[in-house]
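Student: One letter stands for each residue in the lines below.
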Amino acid sequence: MALRPVRPRSDLPLAVDPSSRFLGWITALMVFLAALALAGAMVVSDMARRWDNGLAGGLTVQVAPMPGAPVPPLDERVEAALTVLRASPGIRSATVLSGGEIARLLEPWLGPGAADPLLPMPRLIDVTTEGPVDVAALTLRLTSAAPGATLDDHAVWLADLRSFAGAVRLAALGVVLLVGAAAVTTVVFAVRTGLAIHRPVVELLHLMGATDRYVSRQFERHVVGLSLRGGAVGLLLAGGTLFGLHRASQGLRASLLPSLSLEPWQWAALLLVPGAVALLALVTTRWTVLRTLESMP
Amino acid sequence: MIRFENVGLRYGSEAEVLRDVSFTLPPASFHFLTGASGAGKSSLLKLMYLAHRPSRGLITLFGRDMALVTRAELPELRRRIGVVFQDFALLDHLSALDNVALPLRMAGTPEADIVAHCTEILRWVGLGNHLHAKPSTLSGGQQQRVAIARSVINRPRLLLADEPTGNVDDGIGMRLLYLFEELHKLGTTVVIATHNEALIRRFDHPRLHLDNGRLLVMPARGARAQDGRVRDGEWE
Ligand SMILES: Nc1ncnc2c1ncn2[C@@H]1O[C@H](COP(=O)(O)OP(=O)(O)OP(=O)(O)O)[C@@H](O)[C@H]1O
Ligand SMILES: [Mg+2]
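So the protein sequences, as listed, match chains A and B. Using this note's numbering, the letters of the first sequence map in sequence onto residues 1 to 297. Using this note's numbering, the letters of the second sequence map in sequence onto residues 1 to 236.
These are computed hints drawn from the structure, not numbers from a lab. These numbers come from a predicted model, not from an experiment. Positions of the beta carbon are idealized from the N, C-alpha and C atoms, including for glycine. Accuracy of the hints is not assured; some may be wrong.
Chain A residues, not near chain B, derived (Cβ > 12 Å throughout) [claimed, not checked]:
#1 R50
#2 V71
#3 S93
#4 P147
#5 H206
#6 M208
#7 Y214
#8 L236
#9 H246
#10 E294
Derived, one-sided and incomplete: chain B residues facing chain A with beta-carbon distance under 10 Å [to be verified]:
#11 R71
#12 N154
#13 R157
Excised from the complex, chain A in its bound form (with noise of 0.2 Å):
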């Protein structure tokens, strides 16, 4: 006779239970929060990586027009003040940016008419450096040489990014921790109201020669289950939303906004939440069982 394959099944009719219902879907619930908190730190930091790549090891040396001022004329000004940074320790080039490039630099906040000839437009000098600048000294022999000159040494707007992104991932982590801590307390309260709803059942087992951890496997299994079935609805929640905010910040034309995409491996790191969240659920059913068992005779 053929035999019937063995369905998979618990001791415990745990499958009813009213925690069962609502398990899996706080599940889904939690990963979707962490996925996109996640989501949300990997994006901020890579963005903040990129602007310190691009910003440090740069200088900008921005010489105003002084319409009126009893100064030499903007030419004269922009010649002095390279030839003080090019007399500067630690300096690799200094070099005019054209009225072109400014224009286009500036097109994002003043629109495409920017380069109205009419507006009096300072001059930017893009600078290189290699190795340390003593930012104050060569601020004061520009300023006294070229009178209207500032140094942009980028410092308090990477300061600022910087803090951003930490302040960023400081809330992502947040965000983890709280999902996991929820996690862990439904957990609890669903292998506790189990426990009690089928003592009889649980007391039947021991009698025939179960073993805490005998019980504690159906509870196991049971909720790694549900868990692992949230967590993929709950992944595959986010990954729909951080598709769908990808494609509208393609969208948007301001080059200012980061790239709302993910690496491979990020969205490989994404697949790994449910996976960790399901091995918090099966630590904490086992540690809840255990515990709770122990206090029976």
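Once you've looked at the hints, dock chain B with the ligands against the given chain A.
Tutor: Leaving out everything else, chain B with the ligands in the frame of chain A:
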């Protein structure tokens, strides 16, 4: 195999249900356990299958003093004991086969062996057509046979049956008792609580008789006839 010395059991603060119970069951022995309803038969069996601890006295099982056994050691001892509960204690959400399979699953038997074994024993007790039936769809006698199949599936060294033939006719009752006889011949120690005098007469085994919380050990009729002091049916 089992020794009780001055064992007493009380539930809560009520009077003792069992008083000064002392007896020894040698390995591979077969005893009936008799007594009026409420005499304490189930309570005595519960002490034997380690569901309760005695209020006083000493219980030795498998050579171990039960007062000294830790919680972690209990599962291993309990697995050597097969129990037919008076109320069957089947799990309603599991099929007959899965109910019978429980002791094997706990012991980690390979799944293919489990299905083969359980199918065989369920056929033996006449439930070959109900392998996948839920207990709630079975008659009382059928449920009882599932419970019996479960108690013997793991070849226990000690078999404790509480009214195992209460819901079946005498024909099936005999058949089930032969099952216990077979185990007994293979070396299992058997204790069967029953009211069924016909069975007791049919199978000549010593009995433990509970009366008013006290236990009397009565030898088998064969033994009594031999030493000629006790007449047949004297204490019935
Ligand atoms: N869990 C319990 N709590 C309190 N009292 C109990 C409990 N179980 C049994 N008793 C009492 O212990 C006494 C013996 O009960 P027990 O079930 O052992 O009798 P029994 O001999 O098995 O009876 P029956 O033949 O009807 O099954 C009864 O008076 C009963 O009320
Ligand atoms: Mg009873």
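Student: Have a go at the N154/B hint: is there a Cβ in chain A nearer than 10 Å to its own Cβ?
Tutor: holds, 9 Å
Student: Any CB of chain A closer than 10 Å to the CB of R157/B?
Tutor: violated, 12 Å
Student: Beyond 12 Å from every chain B Cβ: check whether that's true for V71/A.
Tutor: holds, 91 Å
Student: Over 12 Å to the closest beta carbon of chain B is the bar; see if R50/A clears it.
Tutor: The assertion about R50/A holds, with a minimum of 55 Å to chain B.
Student: Per the stated criterion, does the least C-beta distance between P147/A and chain B lie above 12 Å, as a non-interface residue requires?
Tutor: holds, 87 Å
Student: Classify the label on L236/A as holds or violated, using whether its beta-carbon is more than 12 Å from each beta-carbon of chain B.
Tutor: The claim stands: L236/A keeps its Cβ more than 12 Å from every Cβ of chain B (closest is about 31 Å).
Student: Can we confirm that no CB of chain B comes within 12 Å of the CB of H206/A?
Tutor: violated, 7 Å
Student: Was S93/A rightly flagged as not at the interface, with every chain B Cβ beyond 12 Å?
Tutor: holds, 75 Å
Student: At 12 Å, judged by beta carbons, does E294/A keep clear of chain B as stated?
Tutor: Since the minimum Cβ distance to chain B is about 8 Å, E294/A lies within 12 Å and the statement is violated.
Student: Checking a non-interface call: every C-beta of chain B should be farther than 12 Å from the C-beta of H246/A. Is that right?
Tutor: Holds, because the least Cβ-Cβ distance between H246/A and chain B comes to about 46 Å, which exceeds 12 Å.
Student: Take a quick look at M208/A and tell me if its Cβ sits farther than 12 Å from every Cβ on chain B, holds or violated.
Tutor: violated, 6 Å
Student: When the nearest CB of chain A is found for R71/B, is that gap smaller than 10 Å?
Tutor: Holds, because the Cβ-Cβ distance from R71/B to chain A comes to roughly 8 Å (cut-off 10 Å).
Hint check: violations occur at hints 5, 6, 7, 10 and 13; the rest are consistent with the structure.
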